[in-house]
Amino acid sequence: MYKVLLLLFFGLMMNSCNSDSDTGEFVVGSDYLSVNNKVILIDTLTVDVATINFDSLVTSSQSRILVGNYDDPIFGKVKSDSYFQMAATSYSLYNESSDTDAPNYVFDSIKLVLKETKYFYGDTTKVQSLSIHKLTQKVKTNLEDKNFYNNSSLNYDAESLGSISFKPKPNRKDSVVVKLNNEFGNALFLKLKKHEISNFDEFTEYLKGFVIKSTSGSSSSIIGFNMSSALRLYYSKYLGDSETSLIKNFSVLDVSKQFNNITLDRTGTQIQDLPISSSRLSSLQTGNKAFIQSGTGIACRVDFPNIKQLKYLSENGAIVDAELIIKPVNNTYSDTYPLVDSLRVFVGDKLNRIKGTLNTIAGKPVYAILNKTSDEFNENIGYKISIGAFLQSEMLKESDSKSSLILTLPSISKAVDRLVLGDQKNANNKIQLKIYYISY
Numbered sequence: 001m002y003k004v005l006l007l008l009f010f011g012l013m014m015n016s017c018n019s020d021s022d023t024g025e026f027v028v029g030s031d032y033l034s035v036n037n038k039v040i041l042i043d044t045l046t047v048d049v050a051t052i053n054f055d056s057l058v059t060s061s062q063s064r065i066l067v068g069n070y071d072d073p074i075f076g077k078v079k080s081d082s083y084f085q086m087a088a089t090s091y092s093l094y095n096e097s098s099d100t101d102a103p104n105y106v107f108d109s110i111k112l113v114l115k116e117t118k119y120f121y122g123d124t125t126k127v128q129s130l131s132i133h134k135l136t137q138k139v140k141t142n143l144e145d146k147n148f149y150n151n152s153s154l155n156y157d158a159e160s161l162g163s164i165s166f167k168p169k170p171n172r173k174d175s176v177v178v179k180l181n182n183e184f185g186n187a188l189f190l191k192l193k194k195h196e197i198s199n200f201d202e203f204t205e206y207l208k209g210f211v212i213k214s215t216s217g218s219s220s221s222i223i224g225f226n227m228s229s230a231l232r233l234y235y236s237k238y239l240g241d242s243e244t245s246l247i248k249n250f251s252v253l254d255v256s257k258q259f260n261n262i263t264l265d266r267t268g269t270q271i272q273d274l275p276i277s278s279s280r281l282s283s284l285q286t287g288n289k290a291f292i293q294s295g296t297g298i299a300c301r302v303d304f305p306n307i308k309q310l311k312y313l314s315e316n317g318a319i320v321d322a323e324l325i326i327k328p329v330n331n332t333y334s335d336t337y338p339l340v341d342s343l344r345v346f347v348g349d350k351l352n353r354i355k356g357t358l359n360t361i362a363g364k365p366v367y368a369i370l371n372k373t374s375d376e377f378n379e380n381i382g383y384k385i386s387i388g389a390f391l392q393s394e395m396l397k398e399s400d401s402k403s404s405l406i407l408t409l410p411s412i413s414k415a416v417d418r419l420v421l422g423d424q425k426n427a428n429n430k431i432q433l434k435i436y437y438i439s440y
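So that you can map any letter, position 78 of the sequence shown is 78 in our numbering, and since no number is skipped, the others follow by simple counting.
It should be emphasised that the hints constitute simulated quantities derived from the structure, not laboratory data. Just so we're clear, the structure is a prediction, and the values are computed from it rather than from any experiment. All residues carry an ideal CB built from backbone N, CA and C; glycine is no exception. You can take every hint at face value.
With a straight-line Cα cutoff of 27 Å, these simulated BS3-like cross-link-like pairs (lysine-lysine) come out:
#: 1; residue 1: 134; residue 2: 79
#: 2; residue 1: 126; residue 2: 167
#: 3; residue 1: 79; residue 2: 138
#: 4; residue 1: 167; residue 2: 77
#: 5; residue 1: 115; residue 2: 208
#: 6; residue 1: 193; residue 2: 179
#: 7; residue 1: 308; residue 2: 434
#: 8; residue 1: 384; residue 2: 430
#: 9; residue 1: 350; residue 2: 308
Quick list of the computed label-pair ranges, beta carbon to beta carbon:
#: 10; residue 1: 127; residue 2: 61; range: 28 to 34 Å
#: 11; residue 1: 215; residue 2: 137; range: 19 to 25 Å
#: 12; residue 1: 103; residue 2: 56; range: 50 to 56 Å
#: 13; residue 1: 384; residue 2: 245; range: 53 to 59 Å
#: 14; residue 1: 334; residue 2: 158; range: 36 to 42 Å
#: 15; residue 1: 41; residue 2: 165; range: 53 to 59 Å
#: 16; residue 1: 102; residue 2: 183; range: 19 to 25 Å
With the hints as extra help, turn the sequences into a complete structure.
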């Protein structure tokens with residue numbers, strides 16, 4: 001058996017022997033590959049799994065308007081409202097040299113046209129309701145980093161400018177058109193017509209921005225809209241018996257001035273007692289499960305508390321490779337809550353601060369890739385990560401400091417996808433660690 005494993009890793013390592021450094025797969029030189037060396041498989045090392053919660057996530061500059069709400073049977077009540085500033089490429093309704101024609105220009109209507117992306121999460125067969133409100137506060141941060149976060153919000157007028165109830169059709173990329181208050185539209189039209197608004201600063205002083213709020217009574221889904229969504233002012237020019245219909249468009253020209261406020265009410269769930277961001281909630285306290293959710297900052301932390309013990313296996317030895325297989329818990333995913341194809345893998349410290357990504361030998365980020373091949377009991381479905389170099393580094397550390405792996409979903413700042421993973425004591429979906437160790 002050892003010779004078979006040795007031949008397997010000899011082939012694997014010959015492909016890597018030209019590199020002197022490795023951040024994703026551990027490289028063993030050919031001097032260590034004599035037939036007397038032993039490669040052993042270790043699959044009993046303790047793996048601790050926990051759920052953590054980041055303080056906040058940057059949701060500005062993500063180029064996606066996220067709006068909606070739904071009741072998640074595992075995570076709780078999820079809700080997203082979107083704030084944004086709009087602008088135009090020009091603020092003229094007509095040629096300034098034709099001011100004598102100004103009386104001929106008449107307001108018709110004003111609408112907010114929201115163009116759906118293909119992103120959605122939840123049940124889109126149910127009616128979604130939205131309400132549009134005017135901001136009373138400029139889209140401007142008080143922070144030096146100029147970002148807005150998932151817990152950011154701005155003041156707005158409680159009176160709605162317009163609302164709509166509809167069934168989302170994101171796969172068709174339909175537009176959702178919300179007719180806004182005519183009084184609001186006519187007031188804006190007159191400001192432009194009289195040249196009282198002629199530039200960006202004057203416009204944003206008068207109309208600071210909007211917030212789209214989800215008002216669905218029966219929770220359903222969260223929908224994504226893209227940056228080509230626009231505020232459309234419809235007006236006409238009358239000249240004698242002729243009429244010309246015209247449109248003035250305002251859109252999100254600066255993506256840093258659009259952000260999503262994403263909240264999660266965890267009351268009554270297994271993660272309702274999530275601690276502060278520098279601590280963790282062990283999977284032993286949550287039914288042998290760990291949780292991940294984009295948008296709200298929930299992530300999975302994986303620790304290897306006994307990794308340093310491996311260096312006592314032999315006087316000279318090394319981890320050739322290691323494979324971590326993480327399995328989603330049965331009955332926590334479905335067509336409504338689908339599995340994502342991959343997970344991001346970060347290296348964190350004891351306070352859950354991100355130190356960097358886990359990288360391959362070429363310096364590219366490592367992803368945990370989903371094996372979609374299913375069997376009768378879904379036992380083969382899981383995410384696989386190569387972590388040999390990481391564990392080798394942890395094993396040889398002289399200091400007492402330990403690093404952990406932090407798993408998130410790829411679109412952590414512009415989605416609300418989620419995932420539930422099993423720990424080593426989970427009855428059906430255990431996390432697995434396979435370490436291949438060579439002594440020489």
